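Residue numbers (this note's numbering), protein chains in the order written: chain B, 6 to 166; chain S, 3 to 262.
FYI, nobody ran anything at the bench for these hints, they're computed from the structure. Please read all numbers here as calculations on a predicted model, not as lab measurements. What you were told as hints is all true, and nothing was included just to trick you.
EDC-like, lysine to aspartate or glutamate: derived pairs with alpha carbons at most 20 Å apart:
| # | chain 1 | residue 1 | chain 2 | residue 2 |
| --- | --- | --- | --- | --- |
| 1 | B | Lys58 | B | Glu74 |
| 2 | B | Lys58 | B | Glu113 |
| 3 | B | Lys81 | B | Asp131 |
| 4 | B | Lys93 | B | Asp131 |
| 5 | B | Lys64 | B | Glu74 |
| 6 | B | Lys81 | B | Asp52 |
| 7 | B | Lys90 | B | Asp131 |
| 8 | B | Lys32 | S | Asp183 |
| 9 | B | Lys99 | B | Asp123 |
| 10 | B | Lys90 | S | Asp196 |
| 11 | S | Lys227 | S | Glu135 |
| 12 | B | Lys32 | S | Asp196 |
| 13 | B | Lys64 | B | Glu113 |
| 14 | B | Lys86 | B | Glu119 |
| 15 | B | Lys32 | S | Glu100 |
| 16 | B | Lys50 | B | Asp100 |
| 17 | B | Lys58 | S | Asp196 |
| 18 | B | Lys32 | S | Glu87 |
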Amino acid sequence: MQASRHDAWVGFFVLLGGAALLFLALKAGNLLSLNFDETYQVTAKFDNIGGLKSRAAVKSAGVVIGRVESITFDDKSFQAKVVMKLYKNVAFPKDSSAKILTAGLLGEQYIGLEAGADEKNLAAGDNISQTQSAVVLENLIGQFLYNKAADSGTPAGGAKP
Amino acid sequence: MMFKVSPTIGRSLRQQLLDLGSSTRLFLQLLARSPAALLRFSLVREQVYFLGNRSLSLIGVSGLFVGFVLALQGYYTLQRYGSAEAVGLLVALSLVRELGPVVAALLFAGRAGTSLTAEIGLMKAGEQLTAMEMMAVDPLTRVLAPRFWGGFIAMPLLAALFSAIGIIGGWLVAVPLIGIDAGAFWSQMQGGVDVWADVGNGVVKSLVFGVTVTFVALLQGYACKPTPDGVAQATTRTVVMSSLAVLALDFVLTAMMFSI
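Assemble the whole structure, with the sequences as input and the hints as a guide.
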């Protein structure tokens, strides 16, 4: 039967395609390091998250220690609620602070965690209360202009704001 | 009244509607006969061989060269901004998300789609399909459905191979030729490519394209005029229509998958 001669080649082809998919998933997509890290979830509320996106990195001392899971708007406090997943093998004190930083001048935004001094560690579901918002360029320029105007508008000896 | 005023427009509109209806009917008939065709899997396997294995060399060589060119062009632009290491990410994302499925589908239409149309068109011209019906063998189950599933299986594998070989081609140009650090090349790529959002959606795209190209090829062959001229025209239409359909569908799919 002629079909059996081709069977091996078809098997070879399917194997090759499967290997290509595996290569894409492992080598390009890095599936291994994505799924085998166990994580725990903590939340933080920010006044302004700037351009932070979900799946952005959470770093401490420049090392990636987790990822942003989701970003939602909390209409009770009118703040952004950021849920992040930290790797299980890193523990942080309860009073650690989170701020939104920018990689490079115009780079991606990420969350920087700074360790506090509390003896208890953050557990799953905890909230990080000390947060610092992203620096928004427009606000910065506005503040700069306001200060300039205030400086030149008030004569010497005037009350400083 | 309208039809009397402009009979040509009315007739062509009616013809378009008829074509759309009959092609939808053929698609549903193919789906309905698929279980019977899949049960005789040796037929499908034969088609995977003809559509897939025979396209391997074309897909492999094209993927390699697309990877080469992507790395060269990407490097040219990225080194202006001092981020030449990101060329790995650029090559991987453009291949996995867009070029892999799309270019593989276009090549597949040219390599395998045309041969499907010509084969079925000639079977029709030679009255082989009619002869089958005379012998109470359903040509849809025996001839068309195995080819449809063969294309459905072969196309995603070809697209994955195209992307993988393209990434290797990009590596060949970027790392040994240009001299970008190999570690940075891979780590940038791994940091930016998401398995489900990028690789997974690329596979979904290639599945859709596989169905599209194979079905257009089968439809053109099945509906062609049973003359040498008709087969020639149908083969041309296969390439034109499936290429356009792939490009248009790619836009729709990209808008659905990757819009923020």
